[in-house]
Every structure is written in structure tokens, then in C-alpha cells.
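Student: Listed here are the chains, written in short residue letters.
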Amino acid sequence: MATDVSPTTAAPTEQPKRRSAGSLLRSMEIDPRLLGMIVALAAIWIIFQVASGGTFLTPRNLWNLTVQTASVGIMATGMVLVIVSRNIDLSVGSMLALVGTAMALLQARILPEWLGLGHPMIWVITLLAGVALGAVIGAFQGFIVAYVGVPAFIVTLGGLLVWRGVAWWLSSGQTIAPMDPRFSVLGGGSNGTIGGTLTWVLAVLVCVGLIAVLVNGRRRKKKYDFALRPLWADMAIGVVGCGLVLGGVYVLNQYPLPANLAQRQIEAEGGTYTGQEIPLGLANPVVIMLAVGLIMAFIATRLRFGRYVFAIGGNPEAANLGGIKTRWTIVRVFMLMGILVAIAAAVQIARLNAATSGLGQLNELYVIAAAVIGGTSLSGGVGTIPGALLGALVAQSLQSGMVLLGVDAPVQDIVVGIVLVTAVALDSIYRRRVT
Amino acid sequence: MSQVTIAHRRRKSLPPGDPHGYGEAADRSDRHPEEEGSSVTKRRMWVLLPIVALGLAACGGGDDGGDEGAATPEETGAAGGGEGLTVGVSWNNFNEERWAKADERGMLDVFGEEGVEYISTDAGSSVEQQATDIENLISQGADALIVLAQDGTAVLPSVEAAADQGIPVIAYDRLIETDKAFYLTFDNVEVGRMQARAIYDLVPEGNYVFIKGNSADANADFLRSGQEEVLTELAGCEAITPDNPDPNCPIKNVGESYTDNWAGEVAQQNMEQFLTQNNNDVDAVISSNDGMALGVIAALEAQGLAGSVPVSGQDGDAANLNNIALGNQAVDVWKNALELGRVAADIAVQLAGGTTFEEVSLTGDYGDSAPAAGPDAQPFETPGGTTVWSIILTPIPITQDNLDVVIDAGWVTQDEVCQGDVDTAAVPACA
Amino acid sequence: MTATADLGAARAAPSGTPLVEMRDIRVAFGGVHAVDGVTVDLYPGEVVALVGGNGAGKTTLIKTLSGAHKADSGQILIDGKPVSITNPRDARDLGVETIYQTLALADNIDAPSNVFLGRELRSRFGTLDDTAMESETRELMSRLNPRFQNFKVPVSSLSGGQRQSVAIARAVHFNARVLIMDEPTAALGPAETEEVRQLIRQLRQEGLGIFLISHDIHDVFDLSDRISVMLQGKLVGTVNKTDVTQDEVLAMIIAGKQPGDVTEEDIADLHR
Chain A
3 MATDVSPTTA APTEQPKRRS AGSLLRSMEI DPRLLGMIVA LAAIWIIFQV ASGGTFLTPR
63 NLWNLTVQTA SVGIMATGMV LVIVSRNIDL SVGSMLALVG TAMALLQARI LPEWLGLGHP
123 MIWVITLLAG VALGAVIGAF QGFIVAYVGV PAFIVTLGGL LVWRGVAWWL SSGQTIAPMD
183 PRFSVLGGGS NGTIGGTLTW VLAVLVCVGL IAVLVNGRRR KKKYDFALRP LWADMAIGVV
243 GCGLVLGGVY VLNQYPLPAN LAQRQIEAEG GTYTGQEIPL GLANPVVIML AVGLIMAFIA
303 TRLRFGRYVF AIGGNPEAAN LGGIKTRWTI VRVFMLMGIL VAIAAAVQIA RLNAATSGLG
363 QLNELYVIAA AVIGGTSLSG GVGTIPGALL GALVAQSLQS GMVLLGVDAP VQDIVVGIVL
423 VTAVALDSIY RRRVT
Chain B
-5 MSQVTIAHRR RKSLPPGDPH GYGEAADRSD RHPEEEGSSV TKRRMWVLLP IVALGLAACG
55 GGDDGGDEGA ATPEETGAAG GGEGLTVGVS WNNFNEERWA KADERGMLDV FGEEGVEYIS
115 TDAGSSVEQQ ATDIENLISQ GADALIVLAQ DGTAVLPSVE AAADQGIPVI AYDRLIETDK
175 AFYLTFDNVE VGRMQARAIY DLVPEGNYVF IKGNSADANA DFLRSGQEEV LTELAGCEAI
235 TPDNPDPNCP IKNVGESYTD NWAGEVAQQN MEQFLTQNNN DVDAVISSND GMALGVIAAL
295 EAQGLAGSVP VSGQDGDAAN LNNIALGNQA VDVWKNALEL GRVAADIAVQ LAGGTTFEEV
355 SLTGDYGDSA PAAGPDAQPF ETPGGTTVWS IILTPIPITQ DNLDVVIDAG WVTQDEVCQG
415 DVDTAAVPAC A
Chain C
43 MTATADLGAA RAAPSGTPLV EMRDIRVAFG GVHAVDGVTV DLYPGEVVAL VGGNGAGKTT
103 LIKTLSGAHK ADSGQILIDG KPVSITNPRD ARDLGVETIY QTLALADNID APSNVFLGRE
163 LRSRFGTLDD TAMESETREL MSRLNPRFQN FKVPVSSLSG GQRQSVAIAR AVHFNARVLI
223 MDEPTAALGP AETEEVRQLI RQLRQEGLGI FLISHDIHDV FDLSDRISVM LQGKLVGTVN
283 KTDVTQDEVL AMIIAGKQPG DVTEEDIADL HR
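Here the protein sequences line up with chains A, B and C, keeping their order.
Numbering of the first sequence is given in the numbering used here, commencing with residue 3 and proceeding in unit increments.
Numbering of the second sequence is given in the numbering used here, commencing with residue -5 and proceeding in unit increments.
Numbering of the third sequence is given in the numbering used here, commencing with residue 43 and proceeding in unit increments.
Just chain A, with the same shape it has in the complex (with noise of 0.2 Å):
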């Protein structure tokens, strides 16, 4: 079976009447499981906005929406390289919930007492210190799944356990609170953004971003000679792509900050308030995992650190005979995961502002879950970064969506897990349509 599926397609004017949608998306070279992700999402979007009688596509409730999404997202972008490599990481609840009372019992108890209560450095080495935290019990545990090789599986159950009752230890049981101010305005908040201009910056940045890469493909192509997408293919990944970034920041930047703050804001400026509204701009989690989302994704296809997880995951035994260091592969991807553990562990306890005995309680599920409704294959092997953090939006969608409706607790849960299933369900049936 050696059928000609060429990236290419004949210029416009060979029949193209005669063209599938599924050909299109080919020639378009875009994957099909993200568009559907995302035509889901926006199913999804659409239901509730219906049913909530208009307030769930409000610029505010997905300003809130953005924020919620943020912890699990983070997480969601190392998870997938774990289950790629043929891996699963059960104790990322409980990894958060040491290393955020860690990063807490820094800040609220010791650094106090060691720099005074309000230093400025305060924050800096307490994530750093998290981060560090992080990364070392991730190394450990990968230590233990590559070279004991004991499995994941086994591993991270254990971690499972093991953290959180280290956790426990350290804290008594007790909630530690409040957060040092510069440290909790990572959580967002009111002052915990940045600001409309800096967001549209962004938005202009990404935008441009994007054209310089479709260019750079172009130009690159060209220069090997290899066959290009068609023009308008190009153009119109361009603009809809740039639509959808710039659009989105117009609807966020329509969330202003609330009205007595911002009157606070402009007299203390010297002002006089007459009603103005000030955008608050992407909150500060909401730039931070994006901001990861990026650099995993890059990682994870520009970096060989991501293809030789990507290998590992199609076959270890191939990865091995080409000479690939696996072990010391798999205790990097463990260690990454451990390192995004501990930013999204800030981001929870800076949004909380105290970290609480049941911080991260069930997020691993959560994680796994947005990455599997995101297209990673538990078998390993498959899955993009922005499908993580689009599966991530689309559980915490359900959950938020539900809780404005005034859904059930135990009701949300039954929805977050049929959806969950049924998106691997339909997942697994286009792949099998497909090979």
C-alpha cells in the first residue's frame, strides 16, 4: 500500500470541487484532532452560554475561566511528555501540596525572620527554592523509574503517598497564611495582572510571531526545494490565527478592573475618577502558562530532548539501538514535570494566598485527564503540548460552566468523567479510521 498522501496539493485549478474536507485539512497540513478540540470547545462554549442565559461568554467569566485553567494547564504540558514517554506521574497532587507548603512556610515563617518581614527578595528565592524543590523530587522519582526500574506506575503511587504525608509533617496539619505581597500577586487578583497595553503588546508580539514562522516555512521549503502549502493556505492560517489571538485579547481587555479599585487606583495617581475603566490584561497565571506552553512546545519539537521522548515512546528498544541515552532522557522528563509542578504550586498558594492541608488534593487526575482529552495516547507515543492545555481549558470549561448553572457537585463530577471518556472514545476511533 503505497498510496501518494503528498503534503502537496495541484495548484487551485485541478478540480477542486472534487477535494474532501478531510484533504483540505491535509493540504492545509493542520491536525485534524486539535481542529476538532477546538470545535468542541467551542460546542461547549455555546451550550453554556445558552443554557446560563448569556453570562458565560461574558468578558469576565472568561477572564475567571482563564485564571482557573492556569494551574492545571502548567502541569498538562509536562504530563504529556510523561505519557508520551510511555510513563504516568500519579503524585503531581501530592508534589504540589509539599512544594507549595514548602514555598508557603518560606515565606510566611522563615525568610521573614531571616531578610524582615516585606524584603523584596522574598518572593525570588522562595520560587527558586520551589523550582529547585521540584525539580529534585521529580529527578529522584525518575531516578527510580530509569535506572531501578521500577514502574512509573509504582513509583509515582507511592509518591503519591509519600509526599503528601511529608507535606503533612512539615506543616502539622496547619494552614499557613498569609503569602509575602509581591509572592501572591502570581496568583492573580486585582493586582495581579499586566495591564491592557502590555496584553495587546503581547497579542501584536505573538501575531507577528506566527506570520515570521509561516514566512520562515515558506522560505525554508523554498530553499530545499521541497513542495510548498498553497499560498492561501498560508494566509489563512495567518489571519484566522491572528483573529483568534487578537480577538481574544479584545474580549479579555473588556474585563476592567472593578470599579472601587479603580477608583482607588486613579486618585492615588492624582487623578480625578469619572467612571473610567482600566483593563486588567491577562492575569499573571494566565501569562505564565502560556508563556510555558510555548517553551514546552517547543521543547518538545524543536529540542532533541523532546524527539527522544517522542522515540522512547514509539519504541524504547529503537531508541536504545540509535544510541540514545533513554535513562538519563527519562529522568530529565520526570525532572521537568517536577519543575512544573512547583511553578503551578506557586500559582495556587499565590491565589489562595495560604496553602492548606488538601492543596493539589485529586490533581493529578485532573492533569491526566487534560492532557488525554488534549490527544495523548496512554500508550504512548502521541500527543502535542497544545492539546494539553486546550483539554485543560475544556474540563475547567465543564466545571465552571456547571458551577454558574448551579450544578451539583457530584453531578459536575459525573460530566468531567463521561467527557472524559468519550473524548479518548472518539480520540481512539479517528485513529483507528485513520491507519
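Hints were generated in silico from the structure; no laboratory data involved.
Keep in mind it's a predicted model, so treat the numbers as computed, not measured.
Some hints could be false.
Stated by the list, open to error - Stretch by stretch, here's where chain A covers chain B in the computed footprint (C-beta under 8 Å, at least three residues): (1) 140 to 151; (2) 241 to 254; (3) 270 to 277; (4) 309 to 318.
As the list claims (entries may be wrong) - Lysine to aspartate or glutamate pairs mimicking EDC-like chemistry, simulated, CA-CA at most 16 Å apart: (5) 225(A) x 171(C); (6) 327(A) x 132(C); (7) 225(A) x 132(C); (8) 224(A) x 171(C); (9) 123(C) x 135(C); (10) 276(C) x 78(C); (11) 223(A) x 171(C).
To be verified - Partial list, computed: chain A residues near chain C (C-beta under 7 Å): (12) 226; (13) 304; (14) 384.
Cβ coordinates follow ideal geometry from the N, Cα and C atoms, glycine included.
Given chain A, work out where chains B and C should sit, using these hints.
Tutor: Quick look at chains B and C alone, frame taken from chain A:
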């Protein structure tokens, strides 16, 4: 996860040559004709005997049994009325702030004085685990049990089995629907009433949000019913529940939900959604406990409403008491869990010594927490219609005016409470 | 010593320094001697077929050369110099390339990525240069398998023959001097098998040394210059193809009998 310390030693270990424990069956030569008969059996029994003997010796000779650093002395100086008695405590989930800090400490104080041995287990929030734990405590020789139920209905069979074996059970803080358990708690309905009273004083009319506890916990509904009782009475309404709102009521219910596991993060999300739904037009929030109140305050803070929208709570967590001082939380109903522990120990010693439920009468001085109805056991009508014997302690509402109560009781330090930008004029305890 | 330019004609016994010498190689798994003191060698521009029944130890022997498994004892020499091969990278660095029976392809990534697996081309920023890898792979394929077109799909969606081409491309692209091929035609149809045979002949002409593991006696006689037979971990013997008949080789494989010791009766037995 369970931290049973010695129960496992009770399990009989099988002799090496007999992995399936066919020791006895091998004796019957008709079953295993190819066996060499009685000589094999005798050898096995000789191996078995010392092992069983060791096991019994290990279990019978008492031990500390306690966990979480609770080094219980086996004998104490005072010839207390409880010497020789053992009380077992089944915690539902030791992973929360107050149990080790307060309840257990209070119990150990009294057990220490009375010379009672203390053993305990932690069910790690698992209903199944708690059933096993209760069995274990009984087999470890507990003369009375104190049970903090993970689920007041699911634990019934274990509790009734214990009672049937003649071991009295105290339902600690959470209701267990059976008259075979002695109900000891704070007046949770009163907690709800106190929360509602304090908030109503600040906001006699407007939009209220109710952040309730875990739906599987009977206390969540007790609290809500107390809140409802006071608000309807003071505001002169028929009902403030979402499903049959009274149109003439000055108080409007604009949001109500249970909160999984009483978790702060969940409360924060729910509060964000309620604020969105109502476009920030919320005037007061009745949060049933402190953990959730933190989430509510974080959500209000993001909208610049912290401090101007009063929030209630319960438990007296240090972070929340600090929020009271800062003005972000209006009231924190404090249940002196130290006293609750002491009372539980007091009752347990009496019950283990043979006192019946009816005859229970408190022997200590419990200050402001003492039961409003006096030291004797009182009948209590449960929501399920059962009448149980009970002691109901009195909670204390803490506001900016009386923070000194918690500080003086040694519950928190002044530093913890007065952290941050506290207006000392409004908070005398921080002056 | 007649050296003919005729493709497919056997050569006489080679002389000079062997390209590869494997001396007294032993590999044991637990108590089982998978390879028990085997010595073989390979000269440039020749094909040595390694044959034997199941469990003879041929794959294990060859894995010590390809770096997939470390020999317990014995010596390997390349160009007369002793070398240490402890992992696949060592083997590759010495110019030894292997096409495994399972092909060792990562199914979820595309052909160029597989060809360059472990040896990726990178741009000056250190990122993967997928375009350059695709370009080189296209060039390779135009010589090896001109009909190959699917450069961007995961190799799991390619046919058996196409996957074989990818594995071959990977083996020949990096200036190999020694090529190990483990059952290269086992899963192929007749047309593709002929292509592989052509390739082997061509590579041999170019001066590569090829170790060929095959169970197809016809292929062995068609392609190889010398035949090394293994039985239960031991080397039965190495013979020139021109000095033996197929039956004699079969007797070596099945019964371990030296060619001179094979009788008419044995041959009759073989064919029963």
C-alpha cells in the same frame, strides 16, 4: 492511611512449610493420603505454637499505641479513676489542622491525669478504612471508643457492632445516627445561628451568598439550618432558601452551594462564579467554616470587595483570626476544641468505667464552652428521628472585639493574630 | 586468486587484514551459553552469511558487534586493531551499521526523523533542523527507493517494504564500513526482495563488508562469499560458498556435520 500501630502483630503467621495453612487438614489422612501422617502434623504444630505464643505476648503486654508524637505514659502519678482502662479514638483524617493541635491534646491531658491508655487510628478520609480501624481498636482492647465519623451513616454497622460487644461509643463532633452512641459536639446549629446573627447585625438587608460545607457531612446542614433560623426570624421572612424565596424578604439568596471537602480552592472558584453571576452585587457571605472563608476572601479581594463584604467562618484558624483583625472577616465562631477533647476524655472515662449514657455528668470545669443545659447528659433529637444521649458544648463567636479570648486561651499567639496592617483602634487585642 | 568483476560471482578466499575480526566471543544468559567461543571474520568487499537454526546464537553474536549487547569475553578487532564496543554509539562511531530484524524504527515519527535517530542534524541555534533532514532523506530515497513519497507521515502507516527502505537508508547514509543485516528479506515480497539483493551486491562492490543473517539458503548462496554456520552457540565452521553444496550447508546447520563428513545417507535423511 491507617496508622494502626500494633494490630498487625495479631495476625497469625503461618509456619514456613505450610503456606496455605493446611496444618489441620493435613492431620486428616483421608484428605491427604500421601502425607506422611501425624509426624508432619506434629512438627508443624510445634512450629506454630511458639509463633502464636509470641503473637499473643506481643499484643497482650500493653504498649503506647498512640501516634503523632502523642507519647502516652502507661502509668501516671495520680491514681486516676481510669487506671487500667484503654480508650480508643478513631480519627477520620488526622490531616487537618485542629485535631492534633487541640482535640487530641485536650484528650491526652485528661487521659494523662486519669492514667488511661490512649490508642488511636487515622482513617485517611476513607469510610472503609474507618470500619477496619474501629475493629482494630476493639481487638486492641479498648474499653470505650471515641469515633470522629468520616460518614455518619456508613459508620453505623461498626458502631453498633462495638456497642453490642459492650464497648460504649462516643460520637465525637459528628453525628452518628444511632442511640447506641453518645453524641458529643458543639451546638452546630448554634454555630450557624451565631454566624448569621453577627452578619445580620452588619447587613440587615441585601444579597447574601451561602457557602456551605461538604454535602456528605450532616454538620453542613445543621449549620445552614441555624443560619436560616436566625435570618428568617430577625428579618421577618418565611424562607431564604433558593428554591422557595420569599419575595418580601429584605434578604435575598443570590448564591448557595455545597463545597467538596470543605476546600478553600473550591469555595474560591464557587465564589468567583457567584460574583460573576451577580455582577459583584453581593452584600454578605455566610461561609460555614474558615477554610472556605479564606477562599471567599481571596475571591472578594480580587474584586476589591474584601473588608466591605462581611464574611463568616468557624474553627478559629490562625489565618482567619488574622483576617478578623484585618477586617476581612467579620466573625469566626470558635469551638474550643481543647475543651471538646477534655470533655470527650471525661465522658469516655466514665463510660469505660461502667456508667450508662443516662448517668453521664461532666466532672470538670469547662469555662465558656460548658454546655448551656448543664453538666448532665441530655436527650437530643437527630434529623433522622432518633433520640440520643448527648452533651452539647457552647461555641464562642469571635469578632474584632473579643480576640483576646482566643489569645488568652493559648489557642493562638498575639503575633499570629495581629500580623499585617491591623487598625489597632478597631482591634483592642492587638493594641 | 581470480577476482572477477562479475556481480554475483563468488570470490576466492580473501587475504590481507580483515575488516572485522570477532575472536572467541562468549555470551551467556544465566546458565545458557548463547554464544560459546565463536570466531568469525569479515573482509572488505565481501558478504559473510551467518546461518544456523533457531537459538543458534547468530543474532546474539552479531549484537556484540552492533553494540546492542556486550560480550562477556572475547575480542573484537576492526582493521586489525582491538576495539571496545559497549553500546550502539560505539559501533556507529566505528562505522558499523545494523539493520535489525525488527527494523528498530520508532513508529510514531516520520521517515527523516528515523533515519537521523540519535544523530539529528541541528541548526546553528541548536534546534532540530527538520528541513535539512528531510532534504537529505529525500535524496537518499531517490537512490534507494524512488517511489517513496511519504516523508511526513509516521512510519507506522508505511508498507513493510517502505519501512525496510527507511531502515536501509539509515544504515547506509552514515559512511558505514561494516553493515549487519539481520533477515533483511524475511518480510518482503518478491519485487522488494530483489531490490534488497541488488543493494547488497552494490554495497559489496563499493567495498563494504556485510554480515548477512538469513534463513533463506537460496539467498545465502546467491549473495554471500563465505558462510559461517552456528549451532547451539558454537561455530560449526566457515566455508567458501564455492566449495560446498546447499545440502552440505544444510547438514552443517541441522546436524553440525563438517562438509567432508556428509554422506549420501545424510543427504537422503535431510530431504525426507
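Student: Work down the list of hints and note, for each, if the structure agrees.
Tutor: Hints, one by one, checked against the model:
1. 140 to 151: violated (count 0)
2. 241 to 254: holds (count 4)
3. 270 to 277: Contact hint for the stretch 270 to 277 of chain B vs chain A: holds, 3 residues under 8 Å.
4. 309 to 318: Coverage by chain A holds here, the residue count being 4 at a Cβ distance below 8 Å.
5. 225(A) x 171(C): 13 Å, holds
6. 327(A) x 132(C): Cα-Cα ~13 Å, so holds.
7. 225(A) x 132(C): 35 Å, violated
8. 224(A) x 171(C): 15 Å, holds
9. 123(C) x 135(C): 14 Å, holds
10. 276(C) x 78(C): 5 Å, holds
11. 223(A) x 171(C): 12 Å, holds
12. 226: 4 Å, holds
13. 304: Result: holds, 4 Å to nearest chain C Cβ.
14. 384: 6 Å, holds
Going through the hint list in order, the structure does not satisfy hints 1 and 7.
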